[in-house]
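Colleague: Each chain, written out:
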Amino acid sequence: MVKNRTPADVLCDSLIYFLLGCIFLITIYPFWNQVVTALSSKQEEAITLLPKGLSFGSFLLSLDYPGLWSGYRNTILRTVCGVLLGTTVTALLAYPLAKAQLPFNRFFTALVLFTMLFSGGLIPNYLLIKSLGLINTFWALILPGLTGAFNVFIMRNFFRSLPDSLEESAQIDGAGYFSIFTKIILPISSPVLATVSLWIAVAHWNAWFDSMIYIQDPHKQVLQVILRKIIIENNLNDMERMTQGVPLKDLFSTKQLQATVICLSVIPMLIVYPFVQKYFVKGIMVGAVKG
Amino acid sequence: MAGHHGIVSRFAGGSGLRKRLIQYRVLYFMLLPGIVYFIIFHYIPMYGVTLAFKDFIIKEGILGSPWVGSKHFEKAFTDPSFYQILKNTLLISIYKLIFGFPVPIIFAILVNEVSSLRFRKAVQTASYLPHFISWVVMGGIFIMIFSFDGPINELIKLFGGNPVLFMADERYFRSLLVITDIFKGFGWGSIIYFAAISGIDPQLYEAAVIDGAGRWKRTTMITLPMLVPVMAIMLILSMSNILDAGFDQIFNMYNPSVLNVSDIIDTYVYRKGLVEMQYSYSSAVGLFKSVIALILVLVVNRIVRTVGGREYALW
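Protein chains in written order, with the numbering used here: chain H, 2 to 292; chain F, 2 to 316.
Just so you know, not all the hints are guaranteed correct.
Unchecked claim - Derived CB-CB ranges, DEER-like:
| id | chain 1 | residue 1 | chain 2 | residue 2 | range |
| --- | --- | --- | --- | --- | --- |
| 1 | H | Glu234 | F | Asp56 | 31 to 37 Å |
| 2 | H | Tyr274 | F | Val27 | 36 to 42 Å |
| 3 | H | Leu12 | F | Ile107 | 44 to 50 Å |
| 4 | H | Trp33 | F | Ala169 | 23 to 29 Å |
To be verified - Which chain H residues face chain F? A few, computed with CB under 7 Å, are given here:
| id | residue |
| --- | --- |
| 5 | Phe19 |
| 6 | Ile143 |
| 7 | Leu147 |
| 8 | Asn207 |
| 9 | Met213 |
| 10 | His220 |
As the list claims (entries may be wrong) - Now the stretches of chain F that chain H is said to cover, found in silico as 3 or more residues with beta-carbon under 8 Å:
| id | segment |
| --- | --- |
| 11 | 63–72 |
| 12 | 121–128 |
In short, the hints are calculated from the structure, not lab data. Predicted model, so just to flag it, every value in this text is computed and none were measured. We treat Cβ as the ideally placed atom computed from N, Cα and C, and that holds for glycine.
Bound-form chain H, shown alone (with noise of 0.2 Å):
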């Protein structure tokens, strides 16, 4: 924009460049720390920017530990599911919903919106999953939070902001509505589906709440609860069983085994998350533009 640079913007930039780069650096350091320490091998060192030492014997054990990868499964499994049923409903449901035409669009639309304002709160809704049978099963983990009225909205949104033309010849043509939606509006709506579909993957892979309360068996634990369980609790009990025999503390210090556990859990999000950034960011300008 300007082309004459004078010093005092040479030094307005430096300044700019050096905090950014400090903001840069503070925002990297803490999952740095983690991989320095998670590598260490004299944990009686204080471990800040270097690894001192060097060990993968935390990592080869935590692979072993078989939690890690049964939590690994359920995620996935959860987070599959989740976005393939949820993002489906989400579909369903915002496509009528974006047609004003709609006898009663008005009342579908207020039901929907009124959960937004108004919740049960907690126990209810402990109350009703176990009422229903569900405590201790996979769809306790599916079904409570299979949607919500943001990602309906954003959907009707952006169905709404298709122009009408668009299914007008297919209903000459005599196409129903469900053959219009499938065969012509859900092709062109791939940035709102990779949008909501994005986020609601990304509660599944996240979430632990649910899991911690309703799912008992160990077995069907998520990796977030598996993680909470050695980070958070402390409680490294099933990977001392491991050690044939050797007390788990002669091997390896408890932070250096929850570095490791930490590094495994974020290295797969740090492998996709370059990949699908944009769309997370697009998504909050499809939020931002209402209809």
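For chain H, the structure is supplied; the task is to place chain F on it using the hints.
Modeller: Leaving out everything else, chain F in the frame of chain H:
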């Protein structure tokens, strides 16, 4: 949102309506799974709040349990610990709002001043990342970072200070909650401001440059004023969540030694309800929160509609 269509449920006479219901039957079938979901998993629990006015007997269920009026509310309102958790909830929430609100704005403005696209992208990408990591993992990371032999205390020792037990010290714990919450959310929160900044007409800046306005002037005289509507909306919207002090964060970070300053409504409801099994009492405290939240949303939405116009309001 609902108010946009005045024409929708207008009755065009009995037979006309029936004809239209049949005409649109496929659409109603499409609605069905979603509506059934909302009724079962949202409206039945809403009915379940009647539990707050009953003495829950497991064998009888919610319907069969006897009514006791406002007993549980009276118990809560006369319990000093209720006021402590209310105070904690409000304090933590308001501190988060005051200190957390400007950070994404400043960050967005700073990043916008950067000309190197690669640098910009790297900083932005890193800043969004913590948003995608659960509070279980982030909580674990922060507990380690702030632990007695963790890197923050190493830094303090480097400058000759004495290490602090951050996680167990009532004086520091709330600040810690605020700082770590900002850490996790500022990048993500800045996206809306990036969008607003990129929507500012470049001609404004060009004209300002011709008039000899420097960078600081352009930021304070153009960028900031143009962001005011978005800021106002974001601020007002966050008011309606003032009773959400952050269950996921606090539940994963607190411990008995800081319970006094960090126990909030949601953690209290969880402990009283699901740990101590006082279902009715816990429901009453939960209902208190839901009702206040409902009132806040209604008031805030009214304010947004009056101040910012319809397009910013929730409905």
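Colleague: Going back to the hint list, which numbers does this structure go against?
Modeller: 3, 5, 6, 9, 10 and 11
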